[in-house]
Amino acid sequence: MSDTMKNSDPKDPTETAGLHVAPSPHIKNTGTDTQRMMIDVMIALLPIVLMSVYLFRLYAVKQLFICVIACLASEFLFVWMRGKAITLSDCSAAVTGIILALSLPGSAPWFVGVLASIVGIGIGKIIFGGLGMNIFNPAMVGRAFVMIAFAQLMGAGSYENMTGLVDAVSGATPLSALKFNGLTMDIAPLFWGKTNGSLGETSTAACLLGGLFLVIRKTASWQIPLSILLTVSVIAGITDITGSYSGVFLVHHLFGGALMFGAFFIATDPVTSPLTAKGKWYFGLGTGILIMVIRLFSGYPEGVMFAVLMMNAVTPLINRWTSPQPMGEA
Amino acid sequence: MSLFRFKGFPGTGSFRHGIHPPDNKALSYESKVEVMDTPETVTLPLLQNLGVPCKPIVKSGQTVRYGELIGVGEAFVSAALHSPIAGKVKKMKVVTLPNGKRLTAISIHAEGEQIPPEKLWEEMTSKDWPRDCISIYDPLTIVKIIHDSGIVGLGGAAFPTHVKVTPNDTRMIDTLMINGCECEPYLTCDYRLMKEASRSIVTGALLTGRAVSAKEIVICVEDNKPEAITKLREATEQTVIKIAVLKTKYPQGSEKQLVQAVLGLEIPLGGLPSDVGVAMSNVGTVAAVARGVIKESPLTHRVISISGKGIKTPKNLFVPIGISMGEVINFCGGITQDAARIIAGGPMMGFSFSDLTAPVTKGTSGITVLTHDEISNEQETSCVRCGRCVDACPMNLVPTRLALAARYNNPSIASQYHINACFECGCCTYVCPAKINLVQLIRTGKRLVAAWENR
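Residue numbers (my numbering), protein chains in the order written: chain A, 1 to 330; chain B, 331 to 785.
The shape of chain B in the complex, shown without the other chains (with noise of 0.2 angstroms):
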């Protein structure tokens, strides 16, 4: 992207070091996204997000609405759930999701007449979502409906948004900035909803920043999203809404590198965009804060995206939270016969799995499967102190000296070397010469240095 200049902002549209993996996006980039029919049965883990599981209020047997509230989030940072088929509710059970946690979760089995979800699919897309007379609407009940209705970041961390938006006296937001970056390899659910459904996410984005009373909104696509940068303009025409169209770069849309490239300021080490005066949210998540306020429907679908070589039909769906992973990937055809890996999430940052009964999660942005010949069964060598590493990390760190300590069990130098700066975006390893897994030895370093913390 040699043309690639960033104006109207105070930063460079990028930031500093990162990769450019192959973004493979083409598989699923020009699939409309389909409708999944309402599953059997739908499996609703109690904790779909950072912070506490919700508690349930439904009993075995009874029977639920579409949308009914089955969860309670008691604490600040957890989340509400709900159902997304009209149903009975069966016994609780356990299951495990692909990041390893075992959680107990509501099952619910579809009884009744279903709300039909290409109704709900083509609200999202309709044209009539409102830009102004957003002042109706008061923060603290847009606050109120967001925790309400039990959505939190649906770009992969599920952290509850009603935390983010919540007014603070200490820390005031001054812009709120929306993230359209899906710097993810394969990922292009995103990029769908912000093609399709581009008014929903305009809506949210001025409820979104109503809440949280920003002076200025920012929506942010990196450059290799030309259509979805053409909507996303005809979309907020007239309105107060800016779009920053960013460098094609891994990882653009990690939280610190965005508000970096977009607004040059750098949040400080351990510290939230708030501490910058900044808001993050993910348009899927401000979409479905627009379902939230102005259709009053909580958030019950999303868009997935189930990609990769080892697919049949790459597809983008738009299916009901709870659904298992397996009825989703046969509905696109199956695996291939080379497929490697199954991987919730994209091929940098996602968690790889092999219980196809786990079901999708408010989180879970979506899948993809690997090839044989894609995923690298290298032997590690021995580290020659490169320093690709160091050129990688988009943090400035020492990855080598990270793993190196974590290795060899040295929790003081992993620490002084600020371990737990790493988001563990993957960058060093991907770029590692000797086939060294830093991010999974930095991993175990962070244990290490909390154990040893806490001595």
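Same shape as in the complex, but just chain A (with noise of 0.2 angstroms):
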């Protein structure tokens, strides 16, 4: 090839070095990068975070501190093992932390947060072939084995025991007064957060302020929030005419657990949630009902984790189902 190039008259233009070939398209969209996308989600957790310290104080900045640096060595150390390139720099593993401890109570231990990471990053996502690959959500799974290895420390009764916070976030989580004792809360609190419940949960206000700017960024997509809200309104709501609460059952399911946390930040990580629009209204629709059965029938008082997971575990099938028809198959 160099020699046809010096034949070429009068002058060569490709005489300035650094020329090279490569296959098309040759431009991309420089806006945006998996690094980017999420660096959007840590932007968009920091009212949520913010709002965490502030309800928890010292709680909340330990149980972050811990979740993250047991998230990022355990990414770190599982990747070694596996011998592939440290993909410490494209943050998913910072973002499976903060979230992990977002969803986590104030008071649990050190060593929930450090297993949780280590069950969450290695088993819930190395093992299956690191970012892209897992089929359920990381940090959820964490979440899921020390709630069932810790019960005790996990349970209701976790969110109860922690002095020296501000006065209204001490006692039993909304739902669980709800669902336990009938017991109701107004509707400002739990819109601004001032309760009890995982670090991250509290404040729908937080939540959605965070979320919208990830629906408006395109890094998560609008289709699963929406869905979810719209599933689990409708059932509450039904719940809340046929029991006479009022408002007041719809106003506590919507509020006041974990659902604007996990609707934003949970269900909609695109790695374990379907690839088209039509596939996640699905994803929404299931999800939501099954928050609602969860909450409604069993013996726990909150279902986004579970409900999450056990979409996730679907979302395969979701997207065969799902799968675009190309423009002109009939």
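Please note that a few of the clues may not be correct.
Said to hold, decoys possible - Below, in silico cross-link-like pairs of lysine to any residue (SDA-like), each with a Cα-Cα straight-line distance of 20 angstroms or less:
(1) K84/A - T711/B
(2) K639/B - L19/A
(3) K765/B - G31/A
(4) K765/B - D33/A
(5) K642/B - L19/A
(6) K765/B - M133/A
(7) K765/B - A22/A
(8) K431/B - A22/A
(9) K84/A - S712/B
(10) K278/A - D721/B
(11) K765/B - P23/A
(12) K639/B - V21/A
(13) K278/A - R346/B
(14) K765/B - T87/A
(15) K642/B - G18/A
(16) K218/A - R346/B
(17) K639/B - G18/A
(18) K278/A - Y747/B
(19) K765/B - I39/A
(20) K765/B - T30/A
(21) K765/B - C91/A
(22) K84/A - E710/B
(23) K776/B - A22/A
(24) K765/B - L88/A
(25) K776/B - P326/A
(26) K431/B - P23/A
(27) K776/B - Q325/A
(28) K278/A - N726/B
(29) K418/B - H439/B
(30) K84/A - R737/B
(31) K218/A - K765/B
(32) K639/B - A22/A
(33) K84/A - I118/A
(34) K765/B - V21/A
(35) K765/B - G130/A
(36) K218/A - S712/B
(37) K765/B - G129/A
(38) K572/B - L595/B
(39) K218/A - D721/B
(40) K776/B - E329/A
These are calculated hints, taken from the structure and not from any lab test. All values reported here derive from a predicted model rather than from experimental measurement.
With the hints as a guide, bring the two chains together.
Listed below in structure tokens is the structure:
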């Protein structure tokens, strides 16, 4: 090739170095990359992190610190064990760490966060082949493991043992109180988040703020949160009407639990949710139904985590069922 | 384009999915078409179109006139070849085209008196192209002239035009669509042609429409070319031709997408526009038809645009087919210090090349030179199944699945998900946040599927 280039007349324009060939397309959208998507998620999580630190003070700081460090360390360790290039720079492990920490109660001891991180990253993600290959949401795998392994430390009781916090946030979580004691709260503290609960789930306002940012940036799909919220509203609304709760039940189920955090930050994980818009609607519908089934008929007051994990399992099926018809296919 | 409205056609003026890359047409948008002098030599590959190579009928040492037939297209899907200059035939040589094909080529050295190329361009841009009296031409005569003039699609795919317009009893043509979308970023050759030679396009459209007995003729232009639309509106006054102004979106100029956008029809998978009663030609192609029929000149010259931030002075040029890419680039001042990639065609579907002796062929719509800043050298990361490729694919495929099936050597999955419906527009690769070259993997996958089906 260099011979033919020398023959070109009258003056060889390729004398300036640095020309090369590559397959088309030759331009790419420079606005996004995987790392940028993960940073978007972190920016969206910021209001929730700030809210949790405001409400739970050192408990939140400690939990976030433990989970992020443990997730990064497990990612490093497991990837190194597989003999692959270290992938910490894509920030996905850090995002998993933050989401995991925000889904735990502040009172959970340090080893709970560490174990959840190791299980989430190791078994939930790296064993499947790392980022993009996992079937289940890694943060939820870790959380499910510790929830079952340390039922005492993760159960309803764990939320009530914290001291030295903002007054409103001692006592049972709104959904536990409603389910087991029939106690209710006003809508304002539920919405703004001056309630008890897992670190990141209490403030609907913060979740909506971050969630809308994700949706506008198109980092998260809008179909999944919308269909989850609609489904939960319908089921909780019907329950509300039939039980004559005059709206209190609906408000508690929308704003009182992990629904907002789960709908915007956990269910929207692109790796473990369907590819197509239609599939995302089905995914959200299924998640919403499962959340309400668990909340209404099981022993747990909250069902977001198990609902998302179960829907993760059927995502490959949804993908198969909702595979788009190519243009021109009759 | 929030004010975009589309009236008068069954379609919506757009198609599903697609992308909006920066069009960068401003670089060469206002440059009038310049005529290049006759080069010392031209190199004419025997295959410049889809189909079978033509058969050379000249010998080394023989003198040829301008426009003399030098290769005959014997097969049906094949095109004739004519000399764009007067001169002496030299020894056959082998050239590598940017698309990677190695082909035998006739090389002609300029000798004797040349027809000034300015005259040819003046002919194209003149106002006296006929718009009535088209009916004096018999449809079959037009088809024969198109065949004998060696006309192929000038939009890029270079499909022999006579194949499209030859009457076919089983497939009647209702609508002739003239494609002036030019949705590839950077390229402006069709835009300049529509602006400067609108009359010849109109005449060519009427002639082609007569050849296929079309009931309707529509010229399709994207709404980012208002001046071309104005010129075409003037030129089509009191004719049957309609102008469809379409939404600016890539790949609007792809035939399946354009048929859907204008007529609301879906071409069946693996089918052709004729399956839904449509024939489609590029604006440059119909202008060549007009030249062939009215002026009796074969396809010897074409308009190309030389653009990109890596070229010193972007230009639109009227050049003889067979001139070397290097000469054309030098005419535009050469490439800049930070030029990184020279592409035949536009940046989305063009072929990058480094051999500047490669000739401009009938299907070369332009040369784009990109700089180091524009091309992405980012490392590929894992697919996170975000689904952006699915939302971008104008064919409504699942690019990530096709690409991964190719990567993991799984032709049955690739075939099940219709890998051959992909026309490699590049939308999926453009939007992929993980920077995976999906198109290239899909190309590999198509080979795998072909081998697997023939096993």
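Does the structure keep K765/B and I39/A at a Cα separation of 20 angstroms or less? 17 angstroms, holds
What's the verdict on K84/A and R737/B, does the C-alpha distance respect the 20 angstroms limit or exceed it? With a Cα-Cα distance of about 18 angstroms, the restraint between K84/A and R737/B holds, given a limit of 20 angstroms.
Given pair status - S712/B, K84/A, alpha carbons within 20 angstroms: 13 angstroms, holds
Would the hint linking K776/B and P326/A be met if the CA-CA limit is 20 angstroms? 16 angstroms, holds
Under the criterion that the straight-line Cα-Cα distance not exceed 20 angstroms, is the pair K431/B, P23/A satisfied? Status holds; Cα separation ~15 angstroms.
Would you mind confirming whether the straight-line C-alpha gap from K765/B to T87/A stays at or under 20 angstroms? 15 angstroms, holds
Does K418/B pair with H439/B here, judged by a C-alpha cut-off of 20 angstroms? 5 angstroms, holds
Straight-line alpha-carbon gap K765/B to L88/A, limit 20 angstroms: With Cα atoms ~17 angstroms apart, K765/B and L88/A stay inside 20 angstroms; holds.
Would the hint linking K218/A and K765/B be met if the CA-CA limit is 20 angstroms? It holds: about 17 angstroms lies between the C-alpha atoms, which stays within 20 angstroms.
Between the alpha carbons of K639/B and L19/A, is the straight-line distance 20 angstroms or under? The given pair, whose Cα atoms are some 14 angstroms apart, holds under the 20 angstroms limit.
Would the hint linking K642/B and G18/A be met if the CA-CA limit is 20 angstroms? Status holds; Cα separation ~16 angstroms.
Holds or violated: K765/B with P23/A, Cα cutoff 20 angstroms? This hinted pair holds, its Cα atoms lying about 13 angstroms apart.
Taken one by one, the earlier hints all hold for this structure without exception.
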